[in-house]
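There are 2 protein chains.
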Amino acid sequence: MSFIEKLNKRYAVKKFDDTKKLSAQQLDDLLTAVQLSPSCLGLQQYRILVIEDQATREKLRGAAYNQQQITQASQLIVFAAETNIDDAYGKKYIDRIAETRGIDRANLAQFEQAVLGTINSRNPDDRVIWAQKQAYIALGVLVSAAADMGIDACPMEGFAPEKFDEILGLREKGLTASVIATIGYRAEDDAYSKLVKVRKPKSELFIHI
Amino acid sequence: MSFIEKLNKRYAVKKFDDTKKLSAQQLDDLLTAVQLSPSCLGLQQYRILVIEDQATREKLRGAAYNQQQITQASQLIVFAAETNIDDAYGKKYIDRIAETRGIDRANLAQFEQAVLGTINSRNPDDRVIWAQKQAYIALGVLVSAAADMGIDACPMEGFAPEKFDEILGLREKGLTASVIATIGYRAEDDAYSKLVKVRKPKSELFIHI
Chain A
241 MSFIEKLNKR YAVKKFDDTK KLSAQQLDDL LTAVQLSPSC LGLQQYRILV
291 IEDQATREKL RGAAYNQQQI TQASQLIVFA AETNIDDAYG KKYIDRIAET
341 RGIDRANLAQ FEQAVLGTIN SRNPDDRVIW AQKQAYIALG VLVSAAADMG
391 IDACPMEGFA PEKFDEILGL REKGLTASVI ATIGYRAEDD AYSKLVKVRK
441 PKSELFIHI
Chain B
241 MSFIEKLNKR YAVKKFDDTK KLSAQQLDDL LTAVQLSPSC LGLQQYRILV
291 IEDQATREKL RGAAYNQQQI TQASQLIVFA AETNIDDAYG KKYIDRIAET
341 RGIDRANLAQ FEQAVLGTIN SRNPDDRVIW AQKQAYIALG VLVSAAADMG
391 IDACPMEGFA PEKFDEILGL REKGLTASVI ATIGYRAEDD AYSKLVKVRK
441 PKSELFIHI
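One line per chain: the protein sequences are A and B, in this order.
Adding 240 to a residue's 1-based position in the first sequence gives its number in our numbering.
Adding 240 to a residue's 1-based position in the second sequence gives its number in our numbering.
Read the hints as simulated data drawn from the structure, not as lab findings.
On a predicted model such as this, the values are computed, not experimentally measured, just so you know.
A couple of the hints might just be wrong.
For chains that are exact copies, the list does not tell them apart, and a pair is met inside one copy or across any two.
List time: in silico BS3-like cross-link candidates among lysine-lysine, alpha-carbon distance up to 27 Å [said to hold, decoys possible]:
#: 1; residue 1: K434; residue 2: K403
#: 2; residue 1: K413; residue 2: K332
#: 3; residue 1: K403; residue 2: K249
#: 4; residue 1: K260; residue 2: K332
#: 5; residue 1: K246; residue 2: K261
#: 6; residue 1: K261; residue 2: K331
Please work from the sequences and hints to get the whole structure.
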């Protein structure tokens, strides 16, 4: 099946088969794909919660319009943006590059200035929005990777971020819940799986110059 | 090659081979993948410019720190968020669902209320940020699809949105440039293609609950 056929087969699952779980290998592969997502300057300004614990999911479901996917799916993924992106965060990233590539940190001085300059060009509120946008790229990669691997997913914005932050203790970790996704396998009787996909026609979506 | 191997092979291209262009079929496949991106409620609150014209790209390059990929790549993609998302926009979307699925519009009344309620729960500024976030999902799908198809890309935030809006006449179309990507094929001598990929280790990126 081509990648496009796989994307056509995917849809936002409204009812998961709660007897079907991802294998440890499938979950690890999916997370590896998400780990490989690009982000501005490579900063990966987010952390990603992978939630299986049912008691936690029950609580979160109450903060997500009681949507059944939260507890029914194999896992709930919460993309949490970093809220304290500062010079220290930028410098730690430069440390990681030097270590990963086995190069002298001094050789990264110019790039370090670019990273710190980019961080400091934004006020704290805008940095959070900036981090959230990077998390949305990762969500796009998650959805794509899941489609490729034959895993179903439902990206979701319908939840109360402040309640998620509270339940998951994210604020004290310098994080805020930004977007979520449930992953697993569609229930055979999910009526939504039969609906024709609705998209803007190419003539209304794309502008060629 | 597995999808993960393909994602590992990709990187943000700094130098494209300007003699290699995407075929019409490759471009169309890539755009089809992007068209299939999920978005909140399916609203696709963005338009996507596909720019080949060199004169336009020369102007845009000046508004993007003179980065050579802008003119060197096969195409420049500009994800432009909708700035006038209102009831009319939401209703037009409901029209499209009814038409695409061949169902009576009256049967969508409840979903229409959800769509209009979601739109009106945000002030105009927040609606633009909301639209931009959806565009970042589409960017994630673009990068994934390109990797799958063996096409190189460089997602880019380093440009002046207000200058792009002016050069491309986006404001009068109710759009604003939000994030861009260049697509094509890496130059053989792009030194960045040889660098080891830097990512947070899984233990620092993921939190398992």
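**OP:** Tell me, in ascending order, the numbers of any earlier hints that this structure violates.
**Re:** 1, 3, 4 and 6
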